[in-house]
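Q: So you can see what is in the structure, the chains are spelled out below.
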Amino acid sequence: MKILYFAWLRARIGCAEEEVRLPPQVRDVAGMLDWLRSRGGGRAEALQNPAIVHVAVNQDYVDLDHPVREGDEVAIFPPVTGG
Amino acid sequence: MIRVQREDFDIGVELDRLAAGNRRIGGIASFIGLVRDLGGGERVSALTLEHYPGMTEKKLAEIELEAHRRWPLDATLIIHRYGRLEPGDRIVLVATASPHREAALAACHFLIDWLKTDAPFWKSEETPQGDRWVEARPDDDAARQRWTSGREAEDP
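Chains as they are written, first to last, in the numbering used here: chain F, 26 to 108; chain Y, 419 to 574.
Bear in mind the hints are in silico, worked out from the structure with no lab data behind them. Heads up, a few of these hints could be off.
Computed from the model, here is a short list of chain Y residues facing chain F with C-beta under 10 angstroms [said to hold, decoys possible]:
1) 474
2) 500
3) 531
4) 538
Listing some non-contacts, in silico: residues in chain F with all C-beta distances to chain Y over 12 angstroms [what the hints assert, rightly or not]:
5) 35
6) 56
7) 70
8) 73
9) 95
10) 107
Here a beta-carbon is modelled for each residue, glycine too, at the ideal position from N, C-alpha and C.
Isolated chain Y, as found in the complex (with noise of 0.2 angstroms):
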């Protein structure tokens, strides 16, 4: 399931739902993303997240998708929010709910890398020095690629 929102969301409720009523689910992963009070060595006090109506649910969608075509998952879940946001604010839930905890975590993991690289969203922070946009980093689409390799597919 994809929900893009403004709004903040409840972890344990998030989490509870996520398997309830399905017996098979053995384990459940998950990443939360928070906004740091540092970013490019500034301090920063806010950051706000711009995103594309549309394509980003589109993406979302998309890498779900190719996330239960690669591991036995029960249930997924991606909420990303947008909008102004402080230090300790969440900002993303990935959760990923299967049998065992190999699939789970491993697609915990891609879907969060995925997601960096893939869903259209920027952040722009405001610092003492005024606001300013967040670059891409290198090391996003060098986590990107390790999905590709096909390394995990050999250790299943």
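In isolation and in its complexed conformation, chain F is listed as follows (with noise of 0.2 angstroms):
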């Protein structure tokens, strides 16, 4: 599965992408979070408030009880600021 970072999240974690193998156990947004701020590398820093860190799968916004499956696109980033 790809993992895609924008935003304050790429620069703290310090990757704007990794492939991630879900352990089997991982079925939604708020196990796949958990899961990632166990690996290190910054991410429990950067993922720990979940108020400003809002996650897209297959490009449209969803709340932590969404499903994630190998083969979905999956960005994590903080609140949008465009326009």
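Make one complex out of these two single chains by using the hints.
A: Quick look at the structure:
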């Protein structure tokens, strides 16, 4: 599964994207974030505040209980500031 | 129509093109967003806009479709730039064309409000204290909320 990071999340984690293989017990966005936090490399700190960590699956905003599957394009980013 | 691009745009050319050949159109409303030289009380010498290619176009198209669903519009245009921009530079153009002004003005306002909270863009500002990411404003969420209350539907 491909995970993309944007803005200060990308800067803090230190990469724009990574290819991961989720463990089988991870089924939804909340579980994926918990698993990512456990992987180190600045992820625990960058992803600690769920209020400012937004997730899109296949380019749609989703909530924490949304399922994630192998082959999904997942993006993790802070609140948007365009316009 | 949606365009996400690095380069600048010519407002006159874009607005002319929006109404070209359609004699039903009685008015065009537009909003142009510019880079300010102040952010959070600090002098801003430039900003860099990052976006999520693919999702950006998808979200903008959804927002545009929603505007067409709510108001009788003949044409709409959203151009949003990315990359490094300096104070005074244009960031975004939203334009709406309709037989009557009410729909054009309301839809233009709606589009820029929704774009600010839904389109995946992020700004990083260059200041004398260093670069810093712009934080989302609660006002922007409130502005979007205005269009979900249904109030605009009561006054066509």
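Q: The structure should be examined with respect to each hint, and the outcome stated for every one.
A: We went through each hint and held it up to the structure:
1. 474: Nearest chain F Cβ about 8 angstroms off; hint holds.
2. 500: holds (9 angstroms)
3. 531: holds (9 angstroms)
4. 538: holds (5 angstroms)
5. 35: violated (8 angstroms)
6. 56: Non-interface label on residue 56 of chain F holds, nearest chain Y Cβ at 22 angstroms vs cutoff 12 angstroms.
7. 70: Fine: 15 angstroms to the nearest Cβ keeps residue 70 of chain F off the interface.
8. 73: Residue 73 of chain F is indeed farther than 12 angstroms from all Cβ atoms of chain Y, at 16 angstroms.
9. 95: holds (19 angstroms)
10. 107: Its Cβ does come within 12 angstroms of chain Y, the nearest being 3 angstroms, so this is violated.
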